[in-house]
Structures are given as structure tokens and as C-alpha cells.
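S.K.: Sequence:
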Amino acid sequence: MAGSHGGGCEVRDDLDLAENWLSRTQELVPAAIHKAREVKGFPGRWKMIISKLEQIPSQLSDLSSHPCFSKNVLCKEQLQAVYSTLNEVIELADMCLMEKYEGKLRMQSDLDSLSGQLDLNLRDCSLLVKTGVLGEATFSESEVAGTQNNIKELLARLQIGYLEAKHRALDSIVEAMKEDEKIVLAALGRNNISALVQLLTATSPRIREKTITVICSLAESGCCEDFLVSEGVLPPLIRLLESGSAVSKEKAAISLQSLSISSERARAIVGHGGVRPLIEICRTGDSISQSAAAATLKNLSAVPDVRQNLAEEGIVRAMISLLDCGILLGSKEYAAECLQNLTVSNENLRRSVISEGGISSLLAYLDGPIPQESAVGALRNVVCPASIEILVSHGLLPRLVHVLKSGSSGAQQAAAAAICRASHSNEMKKLIGVSGCIPQLIKLLEAKSSGAREVASQAISILMTFSQNCREVKKDEKSVPNLVQLLDPAPQNTAKKYAVSCLLCLSNSKKCKKAMISYGAIGYLKKLTEMDVPGAKKLLERLEKGKLRIMFGRK
1 MAGSHGGGCE VRDDLDLAEN WLSRTQELVP AAIHKAREVK GFPGRWKMII SKLEQIPSQL
61 SDLSSHPCFS KNVLCKEQLQ AVYSTLNEVI ELADMCLMEK YEGKLRMQSD LDSLSGQLDL
121 NLRDCSLLVK TGVLGEATFS ESEVAGTQNN IKELLARLQI GYLEAKHRAL DSIVEAMKED
181 EKIVLAALGR NNISALVQLL TATSPRIREK TITVICSLAE SGCCEDFLVS EGVLPPLIRL
241 LESGSAVSKE KAAISLQSLS ISSERARAIV GHGGVRPLIE ICRTGDSISQ SAAAATLKNL
301 SAVPDVRQNL AEEGIVRAMI SLLDCGILLG SKEYAAECLQ NLTVSNENLR RSVISEGGIS
361 SLLAYLDGPI PQESAVGALR NVVCPASIEI LVSHGLLPRL VHVLKSGSSG AQQAAAAAIC
421 RASHSNEMKK LIGVSGCIPQ LIKLLEAKSS GAREVASQAI SILMTFSQNC REVKKDEKSV
481 PNLVQLLDPA PQNTAKKYAV SCLLCLSNSK KCKKAMISYG AIGYLKKLTE MDVPGAKKLL
541 ERLEKGKLRI MFGRK
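Residue numbering for the sequence shown follows the UniProt record's numbering, beginning at 1 and increasing consecutively.
Just so you know, not all the hints are guaranteed correct.
[What the hints assert, rightly or not] Taking lysine to any residue and the SDA-like style, the derived pairs with C-alpha atoms no more than 25 Å apart in a straight line are:
| id | residue 1 | residue 2 |
| --- | --- | --- |
| 1 | Lys-130 | Ile-90 |
| 2 | Lys-52 | Ser-109 |
| 3 | Lys-47 | Ile-90 |
The set of hints was computed from the structure by calculation and includes no laboratory data. It should be emphasised that the depicted structure is a prediction, and the values quoted were computed from it without experimental measurement.
Using the sequences plus the hints, can you model the full thing?
M.R.: Right, here's the structure in full:
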């Protein structure tokens, strides 16, 4: 039956072997059942074994009638496993009939093990037929397709057989992912993911480590996060954080970092009790696991309705500690972002950051050569009349000047917003004015970001209500031209109302009015008057009067 052409010879040999094993197994089933029925001892256990043996013929029939039966080596291996179990049934039945066994307890244990093997055989036969495993791993002559089908076969082996066989398949999958992760990802199906998730709870630490390595790659790939969560990956990941090996903890933390980007999945992590072990990893983990845990907590803190749960688990203290002692700069950045998220709208959490000593930690974090936006954002959130004295005493104002000079656009915008919040009294406006913030805010009016220009002009308009600051703005040669540019009536220019307010304060100065006119403020103001921008009409009238005086003066 070998055939006479090409690669068909190998396929036909496999077919003969599969059919051979099918025939031998089918012949052995009646003998096993007959022998089991002869046994009189241990009746309850043998009755259970017989009921399982009677299910085997229909399972073998379903398996052999599958279109891929002859093309898949898994079929032959499954038949060999069933054949081996049937032989064990006959062997144990003979021992019971002749009463040649080492004590009743030992035989009871052997019979229970045999019953478990039969359960596994029946389950695996059903899986092969019903879940598409056979179709996922079929013979192909194409080298590329053959590689893909080899991967599919390895993935299929995660669903059937004994733990040691699954362990060997995992080894091969890990190696395959090192060579070409995309091929493995392309071959994955939902059943494979389910089998991987189940292996996360295996008793063997080695299998758990290899499984979490694969799971981590899947989570980072961004192609199957929902499948992972729907198949129940979160509880075992959290358990690995609590009691896994160092490798397992690291991979579990990285997996949760990827999975927590979605708000829905973030809520699920909190719901499954993931916050406390993540905080513990921040305290005790190595550099990579600590960074991943901090990133996960940062992602969780972005979901408003779980922030209170996070606070109850002690996240504020943990993030402040990480700001002070984080191993990597990345961990500190995640901690600052987390504090920024926590304090964005929750007054209780703002107070908690202040009472836990977070202000000094955030300010110290700003002392680097490139101030981080998240730390400035967190400070902006906690600035209020109740905290401003503490902030100023810890050196807030020189740090804000440093940020306005050296920070990113986002950090500068956050610093300007902090100045707006801090300027609640004339005393604070005076302190801010003498700190050197005003020249930096005037420069920020030239920023590319419309948000940065808006908040800078707002801060200047607030500060100018204190006369000494108004004089400071007048002295700066860039103030008038920068503010006039912000009179642009375009919808995307959100700073125009604050620019009008600032220019009104400067319009008492003849020199400033003349500069406004020369930079084209009147044309802008006519359009802003039509748009009913507050103060535009009043400023326009002042400038037009000044223009008339200039004309008559020339004549």
C-alpha cells in the first residue's frame, strides 16, 4: 500500500500505522471489558472502570471517522495510549482474580489511578475530535506550511496527554518563539490559549515558568489579550505574583502590565485581588518586576472608579516610597504618573499624598536635568490654599522656574497650571513674581502647543492683577508681541480671552499701546469684538483713541 510516487509513501506508512493501532485497540476493548466483569473484589471501583471502558468504542469510531485521522500523528499516539490503558485493565483484573496484589490499599490506589487514566483517554479522544485539534495539525509537503503545522501540533499537545508530554511540548514552543514568535502567534487558537492558562496552575514550578514565559509573550503581542482574560488568566497570574519563583513573578508582572491597559481588564485585575501583590512587588521585587508592577498600578490608577480601592490597599504610601527608592528611573516615572492619576479629581487622595510626605518626594524628583511631566502634574493637582504653605517651604517655586526653563512642553504646561492654582492671594502672587516665573511664562506664550499657550496666558493674566507683576510684564520686550499674536481669532486659539485680559492691564502704558498697534492688535480686536470676546471692545476703543492721538500728534 506504499504507493509509487513522491512524498505519498510517508503519508501511506503513517496511515497504515494509524489503522493498525486502531484495529489492535478495537480488538482489545471486548477482552478488557470481559476480564473486568469477571472480577468480584472491589466491586464499586470495577463497576466505574467498566462504565468507562464501554464508552471507548464510540470514541474510537468518532476518532477514526475524522477526515484528518490518517494525516495526524496525534491520532496514532492517542490510540497507543488507549491500547496501553486497556492492557493495564487486563493486568490488574488478572491480579484481582488471582488475589496476587500487595494489600488492599495498594490495589485501591492502583484502580483509582487506572480510572483516572481512562478519564484522560476519553477526554483526549473527545478533544481531538470536537475542538479542531486534528485540523490544526495536519501533514503538509510545503516547508513553510510544514513549520506552521508543526507548531500547531505542538500547541495541540498542550491539550492532550500527560503532564510530562505537555512539558516537552512547552519546551519546543518556547524554542520556536525564540526563533520566530510570529509563526507561533499565527498558529494560536482559543483552545490552545485555554490549555496554556490551565498549565499556569500545574504543580511543577518548571512547567509554570515555561508557561508564563509563553503567556507573557502572548500578552505583550497585543493580539489575544481578550482571549487570555476570558479564559481565566488573571487569577493564576496574581497567584504567581504572590508565590511564584522570581522568573514567574517577573513574567506575571509584565503580563499584567500589558493586560491592564484596557479599563475593563484593569477593573478585573482589581476585582481579582491583584492590587496588594502588585504593591508588594513594588516593595520587594527586582528591577524589572518592580518596574512592571509600578506600570500596572499606574494603568489601574487611570480608571476613576477603582482609585478608592487602590487607596485602601495603601497605594499612595507605596508610590511615594517608590519615588524615593525605586531601582530604575522608569519605576519612579510610573510612580509619579500613578500619583498624578490618583490626585486628578479626588480631594481625599490629594490630602493623603500631602499627609504621607509626598510633596517632598515629588519636588526632589523634579531636580533632574529634565523635569518629568508626571511629577509636575501631581504637584499641580495637590496645589491648593491648604497645601501651598508646605509646598513653598519645600521649594516649589524655584522648581517651577526650573521646569519652565528646562522641562518638556507637557511639563511646562503643568507648571503653568500649578502657578494658576497657587496664585490665590496677593501674597502668593508676589512670591511667584519675585521667583522668576514671569519671564519664563512670557516665553511659553510662543509654545507650539495651544494648551501650553493658553495656560501660560491664563497664569500671566492672574499674576498681573498684582501691580508689581504687571510692571514686570511691561518691562519684558517679548510680552506685547507674544500676547498680540494670541489675539488670533482662529477657533484653535484658546488663549485669546486671556491675551485680551493681559493687554488691557498693559494698555495704561503709552509705550505698550503703541507697540500693540504696531503689531496689528486693532485688526485682531475688531474680529474678537464681533465674537463677543470679553474685554475686546474695551481694549479696541483704547487703542483706537491712542491711534488718533498718534495721528494728530504727527500733524
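S.K.: State for each hint whether it applies.
M.R.: Hints and how they fare:
no.	hint	verdict
1	Lys-130 <-> Ile-90	29 Å, violated
2	Lys-52 <-> Ser-109	17 Å, holds
3	Lys-47 <-> Ile-90	14 Å, holds
Of the hints listed earlier, the one the structure fails to meet is number 1.
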